[in-house]
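There are 2 protein chains.
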Amino acid sequence: MTRVTLDYANMLTPGLGGRGLDPQALEGELNERFREAFQEVEERRQSGEMGFFALPYALEAARTVQELADGFAQWFENLVVLGIGGSALGTTTLRDALLGPSWNELDEETRDHYPRLFVLDNVDPRTVSHLLGRLDLRRTLFNVVSKSGSTAETMAQYMVVEGRLRESLGEEPTRGHFLFTTDPSAGVLRRIAEADGIPALEVPPNVGGRFSVLSSVGLLPAAVVGIDIFQVLDGARDMAERCRNPVLKENPAGILASLLHHADLDQGAPIHVLMAYSDRLRSFAAWFQQLWAESLGKARDREGREVNRGPTPLPALGATDQHSLLQLLMEGPRDKVVVFVGVGGAMDPVEIPPVRPDLPALSYLGGHTLAGLLRTEMDASREALRREGRPNLLVEVPDLTPRALGELFMLFEIATVFAGALYGIDPLNQPGVELGKRLTYGLLGREGFERPETGTGDHPWRV
Amino acid sequence: MTRVTLDYANMLTPGLGGRGLDPQALEGELNERFREAFQEVEERRQSGEMGFFALPYALEAARTVQELADGFAQWFENLVVLGIGGSALGTTTLRDALLGPSWNELDEETRDHYPRLFVLDNVDPRTVSHLLGRLDLRRTLFNVVSKSGSTAETMAQYMVVEGRLRESLGEEPTRGHFLFTTDPSAGVLRRIAEADGIPALEVPPNVGGRFSVLSSVGLLPAAVVGIDIFQVLDGARDMAERCRNPVLKENPAGILASLLHHADLDQGAPIHVLMAYSDRLRSFAAWFQQLWAESLGKARDREGREVNRGPTPLPALGATDQHSLLQLLMEGPRDKVVVFVGVGGAMDPVEIPPVRPDLPALSYLGGHTLAGLLRTEMDASREALRREGRPNLLVEVPDLTPRALGELFMLFEIATVFAGALYGIDPLNQPGVELGKRLTYGLLGREGFERPETGTGDHPWRV
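Chains A and B, in that order, give the protein sequences. Its first residue numbered 3, the first sequence is counted upward by one per residue in my numbering. Its first residue numbered 3, the second sequence is counted upward by one per residue in my numbering.
Hints may contain errors.
A pair holds if it fits inside one copy or across any two, identical chains being indistinguishable in the list.
[Stated by the list, open to error] Subject to a maximum C-alpha distance of 25 Å in a straight line, what follows is the list of computed SDA-like cross-link-like pairs (lysine to any residue):
#	residue 1	residue 2
1	Lys-251	Gly-20
2	Lys-439	Thr-371
3	Lys-251	Lys-439
4	Lys-251	Trp-463
Keep in mind the hints are simulated off the structure, nothing from the lab.
Whole structure, please, built from the sequences with the hints as guidance.
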């Protein structure tokens, strides 16, 4: 069986012409640092704080999800997830990576009679209106996903949908069109579910939103559209096993975390570009961005000292974004690492026919495939960066299967908590978003919140 | 008439609790620096090097484009742009901003009988196959856009499409399904156009790809789908006039460039986040990313000294990406500026009905609109950042009309060349992408290019 692997030769001094990391450090200083980080994570895992580690083993919960999903898939033509951030990104990633970004445009036959899957992850009125206006609401299931059960954007979406359903359904109660995914006991969604008899799945309390893709949050929508969630979990389990190794060089998540942490703090490269060479992984890059940014961007370390740490993840798509970013990556400040993600095994490589063999500017392409060209663009970009002494990594995905996606999710989630330990911060919280929430409540006039002075009134600093 | 404006109070020391820029510098040091930059740009504009300045005034060219577009719009059901980078991003921005990201999913009636508009900006074989497989090729026009007429990805797309057309059309020649947009005389596309009688529009030689949206590159596809290109040019012209002012505080592009340049080099904030609060501006943020990154990321200054300059633009979407990035923006390193883009005048604000007035976690939302919530989220995020002493700007778009989009394009293009002058680099070239191109040619076996050693073979740095 082929597995996701990590090639980090282009992070090391021999490949980078003297820049980058001395490979001896992998068995010396970095290995020591990693051993401590591994120990810290292992303790938090065993204490139950890091519930995401257990998700690939929760097969009973997955079977419950599958049964529920099978029922829904027969009844409904559309599944709309109402959620934002960690409640949306994993689901979008599963859909786009495994079914393709155009799944909803396929006809029913091609979709094998599985429902369409929409993810409403914003409150832009035109997007919401447009989607609700063109779906047959009587054949639509709304999966409202909020761990806290109180996210403002998601609650607003729920209220708008409830209103539209009442208009569409007449006397029929709306509850049959909802499925909630939320905390097992706390929050207003749980309360409504209990009062109204709306089915409600559980997000384990020890699993944060951005680590929740392998819980019911991501698995239910995936199962409804026919994705083999047991294969996803199988891949995740396999990667979790590979990452339970305190020896740095044998631990893929350890290598990823250690090299990126080292690049940031020891080499002045805090910008981590994730550049995937597959349209199907565009959403994966956005999922990674949330995971890495929200987990590692912290004002204080675990001792409470102000550190203002955190790398900046930049999602990118190859080959397209070579035409946006490669110039900067090659010549700009040496403040970046590029994590390339290469995908093999495309089902339909698409041959480039030998059109115009008389023109050298075309003829060299004839006989190659689009898949081959895409791969070559990546190889050439990696090599060009290497020759400029610019560090880069390659995550190699032999084939973009449900299993491989499970491996990828787990690789990056575990790397994130390792990186949290290396940075000395807590990767599980997000205290910095509270002020914005309180200000939003205040501005909307929620009881118990003062209307803030925002100082956005008259001033001369406008042009 | 309302115009696009820039509010920069949250960049200045009074608002940021002592951090940020002393406002006196706007009339002192920064004003002096800007005057020199303005002078340099003015000279290059007058010498004809910066052709994009003239595009909003090229009404005759626009009328030619409009006439051609009117003809195509009657004949074809689909327009597919084959292009990448600057040949694609402007067109996608025009479509998504003015017609909505779901334009292609609307039925013909709702589209007012204008064609669908697809932009193939990558060579992912599954995306290309999927699109070509579901379109009626006999009713499809392909606009091949490449200034040089030799971009590998675009040439490959063209060859694949030519092959598919030959299969679909039988005896009928394929030339009626192509329109080229390329250099007036150089390049292989121009040669094929002349040999085969394929209509071909011109990209002015003094307009680079990333500055080309207001040339035939962006205007032709926009006109085909019914966008009022004269309104777009009108807005661009208006902004161009506002930016021909050597006084910093009176020049919107000057303020934008000067404040972001100052934040980077004098305050250690090289990451420039563009966060637009409208799903319709997601593509605009990607357009900005290319413009800012490729123009300003340079190894050498104009005297040839190695400087490795260039800020890193990060596109983001509000409110969605608050749930990815706000934690990092609030608490991480002080290495970022956020440029918020706020949009007023949404046509359908979507009221949030008073569902469950008994539950405080919902009731405070009832009676507000989704548009109001989105705006409030932005205001709250700006204020939260300000209170943490984190600099941010607001680009205010009163209504997302063709005119306003023209203003936005010109504002950011002019800011880019001002910033280039401030950084001391040439914003018009991209020497750093050449090595990658040569390596690609070599790897594909193009005549005259050596197959490179890439050192990606056997090595122990893999896990």
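Alpha-carbon proximity context of Lys-251 and Trp-463, limit 25 Å: between (54 Å within a copy, 8 Å between copies)
Intra- versus inter-copy proximity for Gly-20 and Lys-251 (alpha-carbon distance at most 25 Å): For Lys-251 and Gly-20, the Cα distance is within 25 Å only inside one copy (21 Å; across copies 46 Å).
Up to 25 Å CA-CA - Lys-439 versus Lys-251, copy category: neither (42 Å within a copy, 34 Å between copies)
Within, between, both or neither, where Lys-439 and Thr-371 count as close if Cα-Cα is 25 Å or less: For Lys-439 and Thr-371, only the inter-copy Cα distance (17 Å) is at most 25 Å; the intra-copy one is 50 Å.
Consistency note: the structure conflicts with earlier hint 3 alone.
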